[in-house]
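S.K.: Residue-level listing of the chains:
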Amino acid sequence: MVKKNKKKGFLSDKVFDIANVCIMIILFFVFTYPLYYVLISSFSSPAAVWSGNVTLWPKDFTLIGYKELLGFGRMWIGYRNTIFYTVAGTMLNVFMTVLCAYPLSQRDWLPRNFFLKMCLFTMYFNGGLIPTYLVVKSLGLTNTGLAMIIPGALSFYNALIVRNYFMNSIPAELNEAAKLDGANAVQYLVHVVLPLSKPVLAVVTLYYAVSHWNDYYNALVYIFDRDLQPLQSVLREVFASVSVNTTDPQGTAEINVEALYQKAQLAQNLKFTSIIVSMVPMLAIYPFIQKYFVKGAMIGAVKG
Amino acid sequence: MKKRIWKDLRKNWLLWVMFLPVFLYYIIFSYTPMYGILLAFKDYKTKKGIWGSGWVGLKHFERLFSAYNFELILGNTIGISLYSLCVSFPLAILFALMLNYLRLSKLKKTVQMVSYAPHFISNVVVCGMLSIFLDPNNGIVNGFLNSMGIASVAFLSQPGMFKTIYVLSGVWQGLGWSAIIYISALAGVDYQLHEAAIIDGATKLQRIQHVDIPAISPTITMLLILNLGSLMGVGFEKVYLLQNDLNFNASDIIATYTYRVGMVNQDYGYSTAVGLFNTVINLVLLITANTTARKVNGEGLW
Numbered sequence: 000m001v002k003k004n005k006k007k008g009f010l011s012d013k014v015f016d017i018a019n020v021c022i023m024i025i026l027f028f029v030f031t032y033p034l035y036y037v038l039i040s041s042f043s044s045p046a047a048v049w050s051g052n053v054t055l056w057p058k059d060f061t062l063i064g065y066k067e068l069l070g071f072g073r074m075w076i077g078y079r080n081t082i083f084y085t086v087a088g089t090m091l092n093v094f095m096t097v098l099c100a101y102p103l104s105q106r107d108w109l110p111r112n113f114f115l116k117m118c119l120f121t122m123y124f125n126g127g128l129i130p131t132y133l134v135v136k137s138l139g140l141t142n143t144g145l146a147m148i149i150p151g152a153l154s155f156y157n158a159l160i161v162r163n164y165f166m167n168s169i170p171a172e173l174n175e176a177a178k179l180d181g182a183n184a185v186q187y188l189v190h191v192v193l194p195l196s197k198p199v200l201a202v203v204t205l206y207y208a209v210s211h212w213n214d215y216y217n218a219l220v221y222i223f224d225r226d227l228q229p230l231q232s233v234l235r236e237v238f239a240s241v242s243v244n245t246t247d248p249q250g251t252a253e254i255n256v257e258a259l260y261q262k263a264q265l266a267q268n269l270k271f272t273s274i275i276v277s278m279v280p281m282l283a284i285y286p287f288i289q290k291y292f293v294k295g296a297m298i299g300a301v302k303g
Numbered sequence: 000m001k002k003r004i005w006k007d008l009r010k011n012w013l014l015w016v017m018f019l020p021v022f023l024y025y026i027i028f029s030y031t032p033m034y035g036i037l038l039a040f041k042d043y044k045t046k047k048g049i050w051g052s053g054w055v056g057l058k059h060f061e062r063l064f065s066a067y068n069f070e071l072i073l074g075n076t077i078g079i080s081l082y083s084l085c086v087s088f089p090l091a092i093l094f095a096l097m098l099n100y101l102r103l104s105k106l107k108k109t110v111q112m113v114s115y116a117p118h119f120i121s122n123v124v125v126c127g128m129l130s131i132f133l134d135p136n137n138g139i140v141n142g143f144l145n146s147m148g149i150a151s152v153a154f155l156s157q158p159g160m161f162k163t164i165y166v167l168s169g170v171w172q173g174l175g176w177s178a179i180i181y182i183s184a185l186a187g188v189d190y191q192l193h194e195a196a197i198i199d200g201a202t203k204l205q206r207i208q209h210v211d212i213p214a215i216s217p218t219i220t221m222l223l224i225l226n227l228g229s230l231m232g233v234g235f236e237k238v239y240l241l242q243n244d245l246n247f248n249a250s251d252i253i254a255t256y257t258y259r260v261g262m263v264n265q266d267y268g269y270s271t272a273v274g275l276f277n278t279v280i281n282l283v284l285l286i287t288a289n290t291t292a293r294k295v296n297g298e299g300l301w
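First to last, the sequence lines map onto chains A and B.
Numbers 0 to 303, taken from numbering that gives the first Met the number 0, label the letters of the first sequence in order.
Numbers 0 to 301, taken from numbering that gives the first Met the number 0, label the letters of the second sequence in order.
For each label pair, taking beta carbons as the anchor points, the in silico distance ranges come out as:
1. 10(B) x 116(A): 20 to 26 Å
2. 24(A) x 81(B): 30 to 36 Å
3. 191(B) x 185(A): 44 to 50 Å
4. 6(B) x 198(A): 34 to 40 Å
Just so you know, the hints here were simulated from the structure itself, not pulled from any lab data.
All values reported here derive from a predicted model rather than from experimental measurement.
For glycine and all other residues, C-beta sits at the position ideal for the given N, C-alpha and C.
Between the sequences and the hints, there should be enough to build the whole structure, so can you do that?
M.R.: Here you go:
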């Protein structure tokens, strides 16, 4: 840690400190302003946002965008689907991760190195898009909710984080003691190892949950049915579809321009409100969990 | 060997059982698709399956190498990732160094906390926000430019701007997150070195240059080599989401091409070949990088 510098003599140090503080304050705004802008725009009248009058706080405060969003059924279907994919997927992920990490952490397990290499290889080499797609398709998983959960049931990167934790943070003597008491591997895992591994399990649970919540790719490849689409696919449509008819410069000028404008403004507003609504769970828990994310990145950085 | 396996099966049978689902998962979802790579050398017919379809040798690869856009997508893939590496990589180190010297601990914590946040925002939302902010008619960026007397620019429709947009938004997404590893390395620097430097009359910039950077240079080398190893691994999602007909010449990369010929045109054999080409180059780069890392650092990824 940087202690306080007793000698304050250097002019260059003062310049450095002041510049540093200024840059950090600027960075603070760079990181937060885009989200803040989306937030205030979602509460402002569509016309004010459209004409660029919203910059620092909401203008003509209104909830019309949110009301509009409430009536947008597909968004809520997507929301429901994503909650389901996230909860079920994360539970399966954590289960599989423990099943993978624990045997691979046991030094006296004969095939440990063989299976470790088998798993590691998949991190660097894979069949690619089409061969994987054909496998998922031949199992009958395409266009079912399971396609969002099962092909990604395990991330070996996360399993390695957990394995490292099992190996480095849980004293091997505990295993000996448990064996003497007559506990088998499963009992030892459930009653001793897992309760001691809560921090690392929390971290990988969060990693998995976030990746499910943000997943767009799997839906793009495996899901065609609109009713099964996750939130991110619906969001993508909200962003993509409306901008087409609003930015057309030679748009059909004869049609009621006023009404067209209003429609475009509402569509624009829908983008802001849907971003906010899609991030509500994340924004709500972020301040409480961010220290775990960091901890996880540190654990992950330690090679095992 | 057989005897030893039987002995271990008896002794550790629970571990074997535990690992079984993981084993099956990898066999089904990783190793079976690897078998499917055969498609790259075959003319796939749905009815005949992977094994039954006829061999075509290197036809798909010849088609790829002689495709009119082969150089373009290869150039875009490498271009985007080199550009991204050159900008993001040093910035993360710089950010970590500056945070390390920030004395106002409240500001430090706050900036650190908000800097991680974008890492957890989905690519769909980030790209959606980009399209809103950069909109030529009413985007806030063009609003700002207009107020300075500059005419609006249709950023996302210009091929020349695509890579810059991709890279800068990538910095916004990843700066804080990629700085974490340097921050923790800097926290491990022995403070006695700093004290000695202070007594010798070193300014902060000199301390950064002569104490901090040498101390974290193994981390820097390691990460740089690893990044070089994934040079061809530009993520599909963000490029795909930012792509449109107008910026296509700058935004078509191997991953999006694989998707297009495979999932859209359903040209399975060819798409597999394109994907395999990318994977193999990736693997070669990674092995080279790892060997270099071993020589330089004494240890690599594996």
